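*Asks:* Residue numbers (the numbering used here), protein chains in the order written: chain Z, 1 to 344; chain W, 345 to 688; chain G, 689 to 1032; chain C, 1033 to 1376.
The reader is advised that the hints may include incorrect statements.
To be verified - With a Cα cut of at most 27 Å, we get these calculated DSS-like pairs of lysine-lysine:
(1) W:Lys-567 - C:Lys-1255
(2) W:Lys-621 - W:Lys-645
(3) C:Lys-1255 - C:Lys-1077
(4) G:Lys-911 - G:Lys-731
(5) W:Lys-366 - G:Lys-911
(6) G:Lys-911 - Z:Lys-223
Just so you know, the hints here were simulated from the structure itself, not pulled from any lab data.
Remember, it's a predicted structure, so these values are computed and weren't measured experimentally.
Number of protein chains: 4
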Amino acid sequence: MLRFECDYTEGCIPEILEAISKENHTQYPGYSTDAICDRARAKVKALCGRQDVDVHFLTGGTQANATVITAALRPHQGILAAQTGHISCHETGAIEATGHKVLALPSDTGRLSASQIEAFCAAHWNDETHEHQVQPAMVYLSHPAENGTLYTLEELTAIRAACDRWNLLLFVDGARLGYGLAAPVNDVSVADLARLTDVFYIGGTKVGALFGEAVVLCHPALKQDFRYLIKRQGGMLAKGWLLGLQFDVLLEDGRYVAIARRAVEQALRIRDAFRRKGCRFLIESWTNQQFPILDREQMQKLAGNYAYSVWEPVDADHTAVRFCTSWATTDAQVDQLIRDIESL
Amino acid sequence: MLRFECDYTEGCIPEILEAISKENHTQYPGYSTDAICDRARAKVKALCGRQDVDVHFLTGGTQANATVITAALRPHQGILAAQTGHISCHETGAIEATGHKVLALPSDTGRLSASQIEAFCAAHWNDETHEHQVQPAMVYLSHPAENGTLYTLEELTAIRAACDRWNLLLFVDGARLGYGLAAPVNDVSVADLARLTDVFYIGGTKVGALFGEAVVLCHPALKQDFRYLIKRQGGMLAKGWLLGLQFDVLLEDGRYVAIARRAVEQALRIRDAFRRKGCRFLIESWTNQQFPILDREQMQKLAGNYAYSVWEPVDADHTAVRFCTSWATTDAQVDQLIRDIESL
Amino acid sequence: MLRFECDYTEGCIPEILEAISKENHTQYPGYSTDAICDRARAKVKALCGRQDVDVHFLTGGTQANATVITAALRPHQGILAAQTGHISCHETGAIEATGHKVLALPSDTGRLSASQIEAFCAAHWNDETHEHQVQPAMVYLSHPAENGTLYTLEELTAIRAACDRWNLLLFVDGARLGYGLAAPVNDVSVADLARLTDVFYIGGTKVGALFGEAVVLCHPALKQDFRYLIKRQGGMLAKGWLLGLQFDVLLEDGRYVAIARRAVEQALRIRDAFRRKGCRFLIESWTNQQFPILDREQMQKLAGNYAYSVWEPVDADHTAVRFCTSWATTDAQVDQLIRDIESL
Amino acid sequence: MLRFECDYTEGCIPEILEAISKENHTQYPGYSTDAICDRARAKVKALCGRQDVDVHFLTGGTQANATVITAALRPHQGILAAQTGHISCHETGAIEATGHKVLALPSDTGRLSASQIEAFCAAHWNDETHEHQVQPAMVYLSHPAENGTLYTLEELTAIRAACDRWNLLLFVDGARLGYGLAAPVNDVSVADLARLTDVFYIGGTKVGALFGEAVVLCHPALKQDFRYLIKRQGGMLAKGWLLGLQFDVLLEDGRYVAIARRAVEQALRIRDAFRRKGCRFLIESWTNQQFPILDREQMQKLAGNYAYSVWEPVDADHTAVRFCTSWATTDAQVDQLIRDIESL
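So that you can see chain Z by itself, here it is in the shape it has in the complex (with noise of 0.2 Å):
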């Protein structure tokens, strides 16, 4: 059985373990306030291009997702999300768990447009009512969003606006984020995301890692004891060192948007094989994601062998799954995989 229902079915990258190897019987002082989260923090503003962004890392994407929100929303407040975003689906209600409501905007291509996110305030702030209603604050956007599609600058410098418009933080969920960096057609640094939005996130634990996330905090007023709240939401990590390793180490020359490109590479390159096959997609992604549309006897014939997840019905007879590749995805792997969908 080969996996290819997600992202983050093996461990990290071998240049991880060793260097863990050789710290692990180094004393450093606990939660994040060593020298080498100290160093993987210089590589992350680098990145960014600004010295004056706070980086903290966090062990996963859930305790990033509620901290950043419990640390920006005053109680009243909620978070726009497209219908199908991680926090408006798939976090078991960690974010209502902090009291906050996320505002669900329908959304057929699985991404917030900055017309949607006006026409939402408009209508909240021209309501007689809004005081009787939750708040809008902040937005979420994920980048690549769920579906494996991405943002451009164009847009996301409209959404930009429309946050400034509205009074609204701006959220980036970057779990993925090595992924949309490494697309053929994507457009959007990590200087970009550090110049448009308050708070953004460099996930790991799908990018190389064995688990972790780096999030930049760009807008002052966020700063401002982001430790307590840390470890209130239960993100932060006694040996914080293992967190700042793991960025230090991906973080080097290039290496996590090279890993995430060769995951690209192999990703498409599965596309092109359901494409030749003649299968639709749910959406068209260019990146580690991808969701062809296959009939009952396609999923059986593949579930055999290898583990995809079913994503949704879209008619009668066809569904959506979606397969995706990582950093450790192999050419064999895909050769096997390519070699089954031809025999379809």
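Starting from the structure of chain Z, add chains W, G and C where the hints point.
*Replies:* This is chains W, G and C only, laid out in the frame that chain Z set:
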């Protein structure tokens, strides 16, 4: 300016004020542990046709909704509601403040159907990632719904069956219950609610009381320690006898439905006037809320003398508005409004 | 049975009932946006000697405490209170329900001192693990305290200075404020509270109203969106004019202090009767609550005709009990009690 | 600088790194649904001497504490803990973030006693206002306690009996459990914990793992939907096999206690050195934490070469400090420290 924008513009029925005046200098123990509350509880139980329910008096609807939901759900569980349900859009996040997600379902009718509930639960439990999603555990209905429409006994029975199949508690918000019971087309009694739901409440604030809701707990598991939860959620009144007294007066000799019936009759008179004028309606309502669709000129003309609610735009030139009557609406007020509708 | 166990056994001063009756059929917009509330707000501001405060009317003390605290604190922050403070032990966790820890300090007097506050904050900020502890950010005082005692203006001024030094907001719970203002030894005025605190409230429930508290926001940062928070925490009354009206009547021509003064005088008569009988007191109180120490026989004898609160055991044979008077206490009631004290 | 300030300054035992390296490129399903986790669960159950427990692996202690407590309590319930208990003072309010009050009891010994628990519960339930107080529903112990001391089996059995009498769940935090099991005076086994508690956890972070805690659910009511709650509270690791693997290695052939025993032996060597120097101790500890009382000069001398924790002032001139050993502490490190203690 005559106010038809909601059903809580006046104080209370005179009999309640008389009763308060009579008891004002009697000493009662605090927090609804008094004899008046017990008398009112007995009347609620009689209406329910069951002695094995617990009855609690809370100060308002927000507290009733939040307290019931926090009492019923474990932290990872959510409550299904129509997108237009009160807990979904008009509580400023009071439900999320208890840590629970409102699982909002789209609804053209403002109501939920048994098949919608079934479909949602089937999707949840069939999804291999269901542990990453909020678990559906309760269903919230309003009777009448926020748009003035009613569940039939058949619909409610079907929803109960769906709840049984999917292990869901059923909660009915009866903030306007009187106006439902008094509607010509209604076939759901308080006893039906006591038989079919796990918890519901009888609204006082909008139906003749100064304030207060009578929560009826039918499911045994909800009863334990409910008073602790009322206190925690801020719904416990020091002078609790004030709440019991209001329901004692409202539920005397059928008064609750009688005062609501007059309000409904007034609402239907207003409906007929708009109809005669050729207005369409957003929805057919047989209760105290009516939703005629007006053009801009009509809106402007009426706005000079009447307060009404702007509900939702229908097209570029037309808007659905809401006119409410209440137990306090007089013939003279409605006569005047009808005259002005006729001269639109 | 005469009730002296608390100060909310009766309804309200007759003038309030008269005013409600008079306004009962007038139409008012909902949620305290009416003219009566504005009139009451103006009276509160006049008492405060400041126009630049915001005044909100909430239904009760639990909501006032929870709403103020959730409005003021970020998630990782806590509020200092005496171990015996109401938020510390008598809110069934309503404060923790907002996600905040009450940082309880031991207190022999039932009050906090500036030096206690300073010591706690110094310890927090000097501790190298302070990020792993709840951050002190607000101080909660009750005036009068739960044991009937009062802060002096000097003490309050010192606490303000401590708050300034440690960047703490100062919140005074005035649920029984009237009885404090009316105490012969009191030297703290409403204007002092408006000058020295960031937020305080004037209690109605225990001082002549049916229910309701007037929250005064002095610190600008607390004012923003406070109405959203009232709604979220369940303290928003649909017929909000009822709250404004009660304060409008209570604050007319010094009535608030006048009715409280009579209650205090009655309490001091009771105190003196116990004293003449040779009883000791748990604490010296100049307000409407008295805490005589009784032996078992005395307790039993009085329990036949009087409801009082059992406060705390003092030794194997003696118990401190609480007798409360209120605005409703009559000469005849106190005369009867004094006769029975004398014959103990 | 040698670090003795805590027990998490190094990475993990080498066998864990070897095992990770070996499995690093194997594909595993996510979220601890893999075969390695199952193998580790079987080892935990064997240690417990019970098959009817559920075992979950969480990323850290804060998540373990918050998740267990939120799973166990209804909203109005609280958890009893020593004032010095970790959840009481070192979680930055993570417990209150779940809406629950920590009911802190004073403790000279750092531990709770059965009689304290009984007294608290008796006081709660005998108080006529108990509905206005947080209801005690669970007891939290740490074994070893935060000050390095241990419960005896007799004490633990008495606490279990108190819990049964007052309907309390019993929760034991075993963040340092290994060091307790390895202590010469300990008479509590893992099987005893599995028999006497409703839930406990076996600490990995401080006892040989990179990170991770193994939560053992003994009470059936806690088991339902626990994985939803882990996800909601941020304790679910995408690459969950990493957690299972660490416990699989730690629990092999008694390794967990063996590595802890070496740490305890080193700690007792340090203890003896301070004793020989004539130092007093804050408390007698037989585990890996030692609390000698030093004067300023001693503190300053040691601070030059050693990191230790400042615990609490004892008198004007003396302070209790903490020296910790861990599985990673070497003979050479302790030899050096002892030499420097001897020359104080």
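*Asks:* Look at each hint and say if it fits the structure.
*Replies:* Tested hints:
With a C-alpha separation of about 23 Å, the suggested pairing of Lys-567 of chain W with Lys-1255 of chain C holds against the 27 Å cut-off. Note on Lys-621 of chain W and Lys-645 of chain W: the hinted pairing holds, with a Cα-Cα distance of about 14 Å set against a maximum of 27 Å. Between Lys-1255 of chain C and Lys-1077 of chain C, the direct Cα distance comes to roughly 15 Å. Compliance with the 27 Å bound is thereby established for this hinted pair. A distance of roughly 19 Å separates the Cα atoms of Lys-911 of chain G and Lys-731 of chain G; the hinted pair therefore holds under the 27 Å criterion.
This hinted pair does not check out: Lys-366 of chain W and Lys-911 of chain G have alpha carbons roughly 40 Å apart, beyond 27 Å. For the hint pairing Lys-911 of chain G with Lys-223 of chain Z, the CA-to-CA distance comes to about 23 Å; that is within 27 Å, so the pair holds.
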